[in-house]
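For the sequence shown, our numbering assigns the number 1 to the initial residue and increments by one for each residue that follows.
Accuracy of the hints is not assured; some may be wrong.
In silico BS3-like pairs for lysine-lysine, Cα to Cα no more than 30 Å straight-line [stated by the list, open to error]: (1) 274 / 76; (2) 76 / 128; (3) 290 / 274; (4) 274 / 358.
Honestly, the hints are just simulated from the structure, not real lab data.
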Amino acid sequence: MDRKTVLNATHREMGARMVPFGGWDMPVNYGSQIEEHHAVRRDAGMFDVSHMTVVDLRGASVRPFLRHLLANDVAKLKTAGRALYSCMLQDDGGVIDDLIVYFLTEDWFWIVEDAATTEKDLAWINDKAKAFEVSVEPRFELGMVAVQGPNARAKAGALLPPDLRTAAMALKPFSAAYAGDWFVGRTGYTGEDGFEIMLPEADAPALWRALADAGVQPCGLGARDTLRLEAGMNLYGTDMDESQTPLGSGLSWTVAFDPDDRDFVGREALLAQKQAGGVPRFVGLVLDGKGVLRGHQKLFDGEREVGEITSGGFSPTLERSIAMGRVAADAGEALTVDIRGRRLPVKRVKPPFVRNGKACVDL
1 MDRKTVLNAT
11 HREMGARMVP
21 FGGWDMPVNY
31 GSQIEEHHAV
41 RRDAGMFDVS
51 HMTVVDLRGA
61 SVRPFLRHLL
71 ANDVAKLKTA
81 GRALYSCMLQ
91 DDGGVIDDLI
101 VYFLTEDWFW
111 IVEDAATTEK
121 DLAWINDKAK
131 AFEVSVEPRF
141 ELGMVAVQGP
151 NARAKAGALL
161 PPDLRTAAMA
171 LKPFSAAYAG
181 DWFVGRTGYT
191 GEDGFEIMLP
201 EADAPALWRA
211 LADAGVQPCG
221 LGARDTLRLE
231 AGMNLYGTDM
241 DESQTPLGSG
251 LSWTVAFDPD
261 DRDFVGREAL
271 LAQKQAGGVP
281 RFVGLVLDGK
291 GVLRGHQKLF
301 DGEREVGEIT
311 SGGFSPTLER
321 SIAMGRVAAD
331 AGEALTVDIR
341 GRRLPVKRVK
351 PPFVRNGKAC
361 VDL
């Protein structure tokens with residue numbers, strides 16, 4: 001049986017259409033997925049992300065532990081509340097998960113990880129933490145609501161507890177503030193500004209309804225996927241997984257090879273991949289004409305198959321079909337995609353496609 005977030009009954013009462021997702025019963029939309037998408041780009045929308053897992057890491061050696069565990073370097077986090085996006089790798093460089101890590105104090109960090117990978121993530125983290133004497137505590141008692149869009153912070157900020165409101169509204173991007181059991185990060189997965197609010201489960205339904213009353217559009221997984229695709233943000237299990245490294249997934253920018261003496265998990269494998277050359281390129285694609293780009297469709301350079309789409313779909317903002325894909329390092333710019341036996345031209349672009357409500361690519 002699919003698990004349910006604390007907002008499950010609230011979604012049903014408010015008319016959401018529910019679907020199974022990664023072992024959870026989640027809303028796919030509240031009506032029009034397109035309208036939900038546009039609400040986030042133009043105003044404010046909210047998502048139930050309570051199925052994701054917050055993990056509390058504590059100990060005198062928690063920073064050295066995370067410098068070893070993650071491909072990005074938490075030494076970059078010098079100010080309390082700052083956040084960092086990183087991949088957590090296997091020894092062979094394959095991606096176990098992508099996550100956000102927050103620096104709270106020198107002996108206290110938080111990470112937020114994907115819902116579908118929670119069990120394997122926790123097993124991996126606990127195993128690696130033993131040598132550093134770091135405690136690992138998943139915070140399953142917390143709910144999580146993402147409020148995204150150009151007006152998201154203004155609408156959500158007014159509903160935060162008074163002792164958190166001022167600090168939250170002053171946050172810079174990729175920073176966080178907390179008061180009591182409430183935690184607010186200026187982060188998101190849509191390419192828009194906003195907050196991700198972690199709070200006690202008992203408080204989540206009231207916040208959801210208050211946000212709706214304030215004009216924040218409830219949104220489902222459908223809009224979340226089209227928004228993150230337009231923003232050029234990877235989806236775990238689709239754009240990268242344990243069989244792929246960050247270098248072949250458009251995530252080289254998240255790997256900190258300097259300083260040379262930082263021995264993070266997967267480092268040697270990534271260095272070997274770089275030195276061998278021929279690392280596949282992770283590219284954005286725009287379909288030139290009618291049709292829909294989908295995952296696993298094959299890509300061609302002339303008659304040579306050079307890769308495949310990892311995730312794709314219709315972009316409500318651009319009114320075009322867009323995708324991300326992995327292609328051979330020597331693939332040319334003029335590519336075609338096989339859609340049901342037809343070869344159609346696709347334009348190769350650099351993601352993101354849309355950020356902060358504006359197109360980032362020439363059509």
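Verification of the hints:
1. Between residue 274 and residue 76 the CA atoms are separated by roughly 23 Å; this keeps the pair inside 30 Å, and the hint holds.
2. Distance hint between residue 76 and residue 128 is fulfilled; the C-alpha atoms sit about 21 Å from each other, no more than 30 Å.
3. Restraint check: the Cα-Cα separation between residue 290 and residue 274 comes to about 38 Å, which exceeds 30 Å; the hinted pair is violated.
4. Taking the CA atoms of residue 274 and residue 358, the gap is near 34 Å; set against the 30 Å cutoff, the hint is violated.
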